[in-house]
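Peer 1: For reference, the chains in residue letters:
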Amino acid sequence: MEQLLSTFVRSIFVDNMIFAYYLGMCSFVAVSKNVKTALGLGIAVTFILTCTLPINYMLENYVLKEGALQWLGTDFAGVNLSFLSFIIFIAIIASFTQLVEMVVEKFAPALYASLGIFLPLIAVNCAILGGSLFMQQKAFPNVGVATVYGLGSGIGWMLAIVGMAAVREKLAYSDVPKPLKGLGITFIITGLMGIAFMCFSGLKI
Amino acid sequence: MGLLSNKNKEVLLGPLSANNPVVVQMLGICSALAVTSKLEPAIVMGISVTAVVAFANVIISLLRNTIPNRIRIIVQLVVCAALVTIVSEVLKAFAYDVNKQLSVFVGLIITNCILMGRLEAFALGNGPWESFLDGIGNGLGYALILVIVGFFRELLGSGTLLGFQVIPQAFYDLGYVNNGLVILPPMALIFIAVIIWVHRIKNKELQEN
Chain G
678 MEQLLSTFVR SIFVDNMIFA YYLGMCSFVA VSKNVKTALG LGIAVTFILT
728 CTLPINYMLE NYVLKEGALQ WLGTDFAGVN LSFLSFIIFI AIIASFTQLV
778 EMVVEKFAPA LYASLGIFLP LIAVNCAILG GSLFMQQKAF PNVGVATVYG
828 LGSGIGWMLA IVGMAAVREK LAYSDVPKPL KGLGITFIIT GLMGIAFMCF
878 SGLKI
Chain Z
266 MGLLSNKNKE VLLGPLSANN PVVVQMLGIC SALAVTSKLE PAIVMGISVT
316 AVVAFANVII SLLRNTIPNR IRIIVQLVVC AALVTIVSEV LKAFAYDVNK
366 QLSVFVGLII TNCILMGRLE AFALGNGPWE SFLDGIGNGL GYALILVIVG
416 FFRELLGSGT LLGFQVIPQA FYDLGYVNNG LVILPPMALI FIAVIIWVHR
466 IKNKELQEN
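Heads up: the protein sequence lines correspond to chains G and Z, in order. Residue numbers for the first sequence follow the working numbering, beginning at 678 and rising by one. Residue numbers for the second sequence follow the working numbering, beginning at 266 and rising by one.
Bear in mind the hints are in silico, worked out from the structure with no lab data behind them. Note that the structure is a prediction, hence the values are computed from the model and not measured. One thing to keep in mind: the hints can contain errors.
Calculated cross-link-like contacts (lysine to aspartate or glutamate; reagent style EDC-like; alpha-carbon spacing at most 16 Å) [claimed, not checked]:
#1 K365(Z) to E354(Z)
#2 K858(G) to E305(Z)
#3 K855(G) to E354(Z)
#4 K365(Z) to D438(Z)
#5 K858(G) to E846(G)
#6 K710(G) to E846(G)
Residues of chain G clear of chain Z, computed beta-carbon distances all greater than 12 Å [as the list claims (entries may be wrong)]:
#7 L716
#8 V801
#9 G840
#10 K855
The beta carbon of each residue, even a glycine, is placed where N, CA and C say it ideally should be.
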């Protein structure tokens, strides 16, 4: 229980996907123009992260890792398929995104209309694949922790993009030097927010 | 048609400045930031991305008339993932230390937006040779930004370049101190912002209103 909580808090604040690792920057920059769409994309990313991480965790530990195929019999104990992990992970993520897209289209057409173009793009959001790769690197003890890590990373990403969208909405009224407008100032603000988030990095939980 | 007609030259050289993938097309920012605290990983990352983009472009361009439209994203991802797996295994074999430093970012080349962006925008509508040039051009444009950022971050942050001491000891004796802030990840964003700023002062048509 304690580990679940600490993984959750760490993944939101200390290991924040955007401010600590810069994953998912492309959609972060492109979609953070207003709070409402930013929130929608944040929810979708959180959802997909929370769903794909446990699946990838199971695959990693029961199929891909060295010795993971032991349950098939002792002949398979020495098989190491980890070089396939990129392909497997991205296939799971892409097919899951497609699935979510179809479900949302069928049952929540209003949400689909507002998210429409961003949904398929989630498959190539670095934060999602990054979540799975970090899961592989950190070697979590059980699937519960991996799920919580996915949820926390998603919420952290959402927090960052919504905060950024709020700042950019206000920024429309300020007088930014012309060549810096748009992309440039967004980067500088993200950098400053990242420095602010670094104060969490000393946190011991 | 010569190998380097005017159009092809533009395809190859355009992405280096006027149509740079990072500072103009806003693609591939994710990994541009995390790997640039030293010059060496930045160079390796730049070369890896160039190789992957060029070959993925060729493969998708050869397949472009046979891929059904609805599943093209999955096909593209599988091609990219296969190429990235090869690059990752090669790095593990020949440049293990750098591979360790790059950690998950080698795998993240798959979701590097440059890849998908160029496949969607160029390879699906052009022949293999043009696509190859486009891939090389965009990869080099990306590498250029990475190298600039990596150069300044390593020089200011550690006083070294590629691991060699560049700033003489006499400076330190006089009280010069390495700027530790530059090593921290957020500074990469600020460096890129400054590059964008300079780039847009020179290219007025890119300024946003």
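Peer 1: If a hint holds in the structure, say so; if it does not, say that too.
Peer 2: Going through the hints against the structure:
1. With a C-alpha separation of about 12 Å, the suggested pairing of K365(Z) with E354(Z) holds against the 16 Å cut-off.
2. Straight-line distance between C-alpha atoms of K858(G) and E305(Z) comes to about 31 Å, which puts the hinted pair past the 16 Å bound.
3. About 45 Å separates the Cα atoms of K855(G) and E354(Z), which puts this hinted pair outside 16 Å; it is violated.
4. With a CA separation close to 34 Å, the supplied pair K365(Z) and D438(Z) exceeds the 16 Å bound.
5. Annotation: proposed proximity of K858(G) to E846(G) holds, straight-line Cα distance about 13 Å (limit 16 Å).
6. For the suggested pair K710(G) and E846(G), the alpha carbons sit about 7 Å apart, so the restraint of at most 16 Å is met.
7. Here L716(G) stays apart from chain Z, with its beta-carbon at least about 21 Å from theirs, past the 12 Å limit.
8. Its closest Cβ contact with chain Z, about 5 Å, brings V801(G) to no more than 12 Å, contrary to its assignment away from the interface.
9. At roughly 15 Å from the closest C-beta of chain Z, the C-beta of G840(G) stays outside 12 Å, upholding its exclusion from the interface.
10. Its beta-carbon lying about 5 Å from the closest one in chain Z, K855(G) breaks the requirement of being farther than 12 Å from that chain.
Checked against the numbered hints given earlier, this structure breaks hints 2, 3, 4, 8, 10; the rest are met.
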